[in-house]
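There are 2 protein chains.
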Amino acid sequence: MAASKSQWLTFSIILALASTAISFYLSRRKTKSKSRGEVNKKIHELEASLKSALEKCAAERQGRIRAQQALRKALSGPNSVNLELNSYPMAPIAIVHSCFSTRNGTPRQPLLVPLARASLIFDSSRVPPASLEGLEGYSHCWIIYVFHLNTDLEKLWKPSSQSKFKAKVRVPRLKGGKMGVFATRSPHRPCPIGLTVAKVEAIRGHILLLSGVDLVDGTPVLDVKPYLPYCDSILGATVPDWVKEDRLLTVASVNFSEGFSSSLADCWTMAEKKSLYASPNEFEILIRQVLSWDIRSISQRSRPHDFPVHTETGSTVDDASTLEHYQEDEAFENGFSAVIYHLILEGLDVSYRIDSKGNVFVENITVSSHTQTLS
Amino acid sequence: MAASKSQWLTFSIILALASTAISFYLSRRKTKSKSRGEVNKKIHELEASLKSALEKCAAERQGRIRAQQALRKALSGPNSVNLELNSYPMAPIAIVHSCFSTRNGTPRQPLLVPLARASLIFDSSRVPPASLEGLEGYSHCWIIYVFHLNTDLEKLWKPSSQSKFKAKVRVPRLKGGKMGVFATRSPHRPCPIGLTVAKVEAIRGHILLLSGVDLVDGTPVLDVKPYLPYCDSILGATVPDWVKEDRLLTVASVNFSEGFSSSLADCWTMAEKKSLYASPNEFEILIRQVLSWDIRSISQRSRPHDFPVHTETGSTVDDASTLEHYQEDEAFENGFSAVIYHLILEGLDVSYRIDSKGNVFVENITVSSHTQTLS
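Chains A and B supply the protein sequences, listed in that same order.
Residue numbering for the first sequence follows the working numbering, beginning at 68 and increasing consecutively.
Residue numbering for the second sequence follows the working numbering, beginning at 68 and increasing consecutively.
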């Protein structure tokens, strides 16, 4: 009786110990494979970024070589680069002076950011102020513009036979899947013409003030038309499912660092003159509105360690500076990605991070060193 | 005794288990930290090469931009009389093959005439059929086109200094009153670019079939974009009162002459081949739909005896033929105006009258003698 009792005791103790030992081992194994998985993921991300960086580099190189060859040809003879007989030369009527200094941060849609302002400055040599009379009576207007940041823009000056363009383009919402260019609003189209709508705020002589814009600073404008609801707003218009799936992401929260307000105040003295905003406060609201949407590309979102290389953010300057900051600090800080993203508004460089839960933390604002080269 | 024995047994077993567990854990730990070091090394290598790749990329980009700027200058520089320094040559991607042979009768708005069909025939040398993939998934699309019938189109090839355009245009709905051109959709704009929407019917290779069009035959198309309701349809967009006042007039009735069907049958043998319509019946429904709106200009409406000369009906050919018929017969016939109006659809000349109460009487249909000159 007593023996069997103590045997039972022994057995149970052994069992207990064994199980703890095993569970301990398993837990180690689990955490190990987890951390192993993370670094593997990171390595794959880095390899992917490197691959796309090299691809983009090759593309830029091709573009540079093409342009330089065409330039030599153009300089060698007056009519050696002959325009298409049937091409229509369109001279911009206005240039956009927008709060968005780079494509990075420019909203993906019009009217998403109410405070996003732009002034269209009309070429008064061609467009007398009288031509704007009556436009202020409309709530909205169309802006037809040139995608002037396209890297292959020089194709326009080549005969069509030499200016083949990609028939299909990668669609972010299809995670890299391709669609025919005319099934998208991609900037890379045979005629690089953009169409967007904005709210009409006011007209001051040869300047048209707009809000809710998704236009980047310096955009050449070909035409402005009133928005006519009875023509332009189509009830029951439908889109394919792959477009429906593209939900615009709002972030969980936008918070500013303690020092932000004073940094903004410092920058403001420089920005104030040419600013579209009345005060640093109003400008801070703009920043909040812009960052309240997740403006990162899908690849950035899905791979927080990735660099915005093959994204629509455009400016390689941003890529470089992001990388720079990235290397300063590799670890995660209380859940925030180590990547510091940059949003340049009116030439002011807003640096921010975003954590895995979509909380945005705005770190600092400085006068962008790239303002000149960008605008 | 037995008890202590079993205790010893237990203890030894515990010891054994514990030691194995610990040693196992330690061994795991060792290998782990080892592999950690390797991956960190690899990560740093990858980051270094990525950094240099991005820097190289930025340099290439700068080079490309410089070359392209120089190229644009060179292309417009030498004989700058031909081209504005900053003008963008836009080559049409497609030509419209529309049921509307002349501007006269072309609806004032898209989607007013459901059966109004057009096929956009893409320049397959520039636009591979693949570029249309996915467009059929949308219910509607935008068409950005050139107002190619503008009589002052040659201004495009002149330097802006010599191509002054009218800042204000007559607005029919203002009964001749004027508005700033950018407050209207007038074709006479600095960049003669039109914007309209249509229903996507089908895609056949390099041909896009549309309905509800307000495009005239032969229109050059610069771009086609999917209609995105969440961007393009603006709830609560408003227009000024003078635009609201423009009620589109529907006619009271549309009736056909006894002989009409047989005349149409005769014409059909000629029109059938290149027709966008399946049968004479379908074509007759088109005629009914087009004429169910009063397509006459305001001046025609208000002065039924006036000749539609300085109206938007465009084609002087029509005016001439109207005049011709008008002179045949000056009197009123049972309330119908003596003026016989002409609507040319697919090169078929539909002649009709309209009485003071807005009843349309379709008299005849013939093969237009002007088809060649018009298309």
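Hints are supplied without guarantee of correctness; some may be wrong.
A pair counts as met if it fits within one copy or between any two copies, since identical chains are not told apart.
As the list claims (entries may be wrong) - Computed cross-link-like contacts, BS3-like style, restricted to lysine-lysine with a CA-CA straight-line distance of at most 27 Å:
1. K233 x K123
2. K231 x K311
3. K108 x K225
4. K235 x K341
5. K118 x K242
6. K340 x K118
7. K235 x K109
8. K311 x K340
9. K341 x K311
Hints listed in this document are in silico derivations from the structure and should not be mistaken for laboratory results.
Each hint tested on the structure:
1. K233 x K123: both (15 Å within a copy, 25 Å between copies)
2. K231 x K311: Result: close neither inside a copy nor across copies, 30 Å intra and 45 Å inter.
3. K108 x K225: neither (44 Å within a copy, 48 Å between copies)
4. K235 x K341: neither (40 Å within a copy, 31 Å between copies)
5. K118 x K242: Close inside one copy (17 Å) and across copies (25 Å); limit 27 Å.
6. K340 x K118: For K340 and K118, the Cα distance exceeds 27 Å both inside one copy (43 Å) and across copies (36 Å).
7. K235 x K109: neither (30 Å within a copy, 36 Å between copies)
8. K311 x K340: neither (42 Å within a copy, 40 Å between copies)
9. K341 x K311: neither (39 Å within a copy, 37 Å between copies)
Of the numbered hints given earlier, the model fails hints 2, 3, 4, 6, 7, 8 and 9; all others are met.
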